[in-house]
Amino acid sequence: RGKEYKGAAEIGMRAARLRAKEMTMFGIKRNQMASKPRAEFDVAIQVEMRNLKQKCHALRLNIKREKAQAFAVFEQRYRNLDTDLSHAHAIEYTLPAEVGPVLAYP
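All residue numbers for the sequence shown refer to the numbering used here, where the first residue is 1 and numbers rise by one.
In short, the hints are calculated from the structure, not lab data.
Ranges of calculated distance between the beta carbons of each label pair, as one might list FRET restraints:
id	residue 1	residue 2	range
1	Lys55	Arg77	32 to 42 Å
2	Leu61	His87	36 to 46 Å
3	Ser86	Asn51	51 to 61 Å
4	Lys36	Leu61	32 to 42 Å
Don't be surprised by glycine CBs; every beta carbon is placed ideally from N, CA and C.
Kindly produce the complete structure, drawing on both the sequences and the hints.
In structure tokens form, the structure reads like this:
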């Protein structure tokens with residue numbers, strides 16, 4: 001009878017070791033299965049972030065170009081205005097004074 005118990009104890013210990021080994025393997029496979037979608041999700045997030053950064057950069061450049069064009073238009077307008085003003089000032093103060101009444105409405 002002692003041999004039977006000894007054999008049963010040995011079988012129990014083997015079964016416990018096998019169960020522990022199987023549980024370890026199950027835990028590893030479970031973690032791999034759980035981490036695969038997370039890894040794919042992380043890759044998708046990185047791709048999306050890169051696309052958003054490129055889009056923001058393109059928008060910034062577009063706005064910068066629009067501002068530069070608007071500034072060039074305003075610069076040209078004010079340059080023309082300054083030229084007109086200096087020309088009008090030059091005409092006003094370099095021509096000889098009119099003799100007689102000013103004919104504003106001929």
